[in-house]
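Letter by letter, the chains look like this.
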Amino acid sequence: GAVVSQHPSWVICKSGTSVKIECRSLDFQATTMFWYRQFPKQSLMLMATSNEGSKATYEQGVEKDKFLINHASLTLSTLTVTSAHPEDSSFYICSARAGSGETQYFGPGTRLLVL
Amino acid sequence: GQNIDQPTEMTATEGAIVQINCTYQTSGFNGLFWYQQHAGEAPTFLSYNVLDGLEEKGRFSSFLSRSKGYSYLLLKELQMKDSASYLCAVRGLSNQTGANNLFFGTGTRLTVIP
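Chain order of the listed sequences is A and B. Once you know that position 96 of the first sequence is 96 in this note's numbering, the rest is easy, because the numbers rise by one and skip nothing. For this note's numbering, add 1000 to where a residue sits in the second sequence, where the first one is 1.
Chain B on its own, in the form it takes in the complex (with noise of 0.2 Å):
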């Protein structure tokens, strides 16, 4: 089966660093993705990780260890506007079709606070 796991909820100060950590336990896999989620809104595209490593995108960057089924989403220079959840997704495959598909953890729920 698949098995996403992330914190509920995480709170940090606007200016600081975060980091929301990520770990899983899926049939197959085939590529990690972070989404950010405001509420009422569907998903937006993150980052993407395949092979193990950083991968930086500005303020945001994403690891990956695929030998220890973890990642992380580094948010850096908070602002107010990324208070938002944050999905960790692993694409691997479905225990009902085979198929390639995304499958998604709960969401951390950040909170920036002034």
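One chain only, chain A, in its complex shape (with noise of 0.2 Å):
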């Protein structure tokens, strides 16, 4: 299957800081890329998807500001988590496709903890 990475794996870090998060397709174009939280046996929520070149659409409940998202290119997304939290502790993972129709891979996932 197609491969998605994410950067880093684990990141640990103070409350108020800012924390960035990578995303990359690395064997095709992703028009659509999806970010997901998911919490301790919990399943996968939905925080926003964005196509390239245009501004994210955020799901109900999740805030914008604090979630920044930028997908610059056909094959890099970030995510960057401001003014952190402990509550914002969480499994992060990012999703890609090439089209709308088409299946979504996800990349391996970012565990953030915040202190």
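A few of these clues could be false.
If you anchor each label on the Cβ, the simulated ranges turn out as follows [to be verified]:
# : chain 1 : residue 1 : chain 2 : residue 2 : range
1 : B       : 1005      : A       : 102       : 21 to 31 Å
2 : B       : 1059      : A       : 65        : 40 to 50 Å
3 : B       : 1044      : A       : 86        : 22 to 32 Å
Here are the simulated lysine to any residue pairs, SDA-like style, with alpha carbons at most 25 Å apart [as the list claims (entries may be wrong)]:
# : chain 1 : residue 1 : chain 2 : residue 2
4 : A       : 41        : B       : 1079
5 : A       : 64        : A       : 86
6 : A       : 41        : B       : 1019
7 : B       : 1057      : A       : 99
8 : A       : 41        : B       : 1005
9 : A       : 41        : B       : 1011
Think of the hints as simulated: they come from the structure by calculation, not from any bench. Beta carbons are placed, not taken as given, at the ideal position from N, Cα and C, and that holds for glycine.
Each of the two chains sits in its own frame; use the hints to bring them together as a complex.
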């Protein structure tokens, strides 16, 4: 299957700092990328959808000013958690697909721990 | 809204067959996916159904009935490494954005015992 990478895989930061997570599609052009969040023993919750060159669209309850998403190219999207707090500690997973009817492939995830 | 239901946990014996069910009610339907997720890792794609019927891929098969809003994942000849969470996901329309997105059930944690 297609390959999606994420960096970093682990982040530990102090409360109040900002954290940037990168998501790259390595062997295909991703017209759409998705950001999910998963708390322990819960399912993936979609946070936002981004199309290359457009502003991200956020799901209800997700603060767009706190979770900044940039999809500058067909192979890269970034999620920045601004002024992180302990309740933001979670597993953040990105996903990418080539077209609207295509399969979504997932990155390996980034585990964020805010102290 | 989106509502996807799966059993929370299942246990099965090595070498046996197990069926994991999924029922869904979503805004729009454009396909159903099954993913496998090991603890602490991202989901990996297993199967995709968009038409009614059975899709077979090696030891894994997935079935879909759109009229019943029902799918199952069938795992044969279970191996210890199959112990994982299995996520049912439906591609439907986001109420918030109107876009075609993937929505996940809570996942079924499968434990394979010797």
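Against the structure, the hints:
1. B/1005 x A/102: 21 to 31 Å: 26 Å, holds
2. B/1059 x A/65: 40 to 50 Å: Holds - the Cβ-Cβ distance for residue 1059 of chain B and residue 65 of chain A, about 46 Å, lies within 40 to 50 Å.
3. B/1044 x A/86: 22 to 32 Å: 30 Å, holds
4. A/41 x B/1079: At roughly 23 Å apart (the allowed maximum being 25 Å), residue 1079 of chain B and residue 41 of chain A satisfy the hint.
5. A/64 x A/86: Distance ~18 Å between residue 64 of chain A and residue 86 of chain A Cα, so the pair holds.
6. A/41 x B/1019: 21 Å, holds
7. B/1057 x A/99: 23 Å, holds
8. A/41 x B/1005: With Cα atoms ~15 Å apart, residue 41 of chain A and residue 1005 of chain B stay inside 25 Å; holds.
9. A/41 x B/1011: 17 Å, holds
Against the hints set out earlier in the document, no violation occurs for any number.
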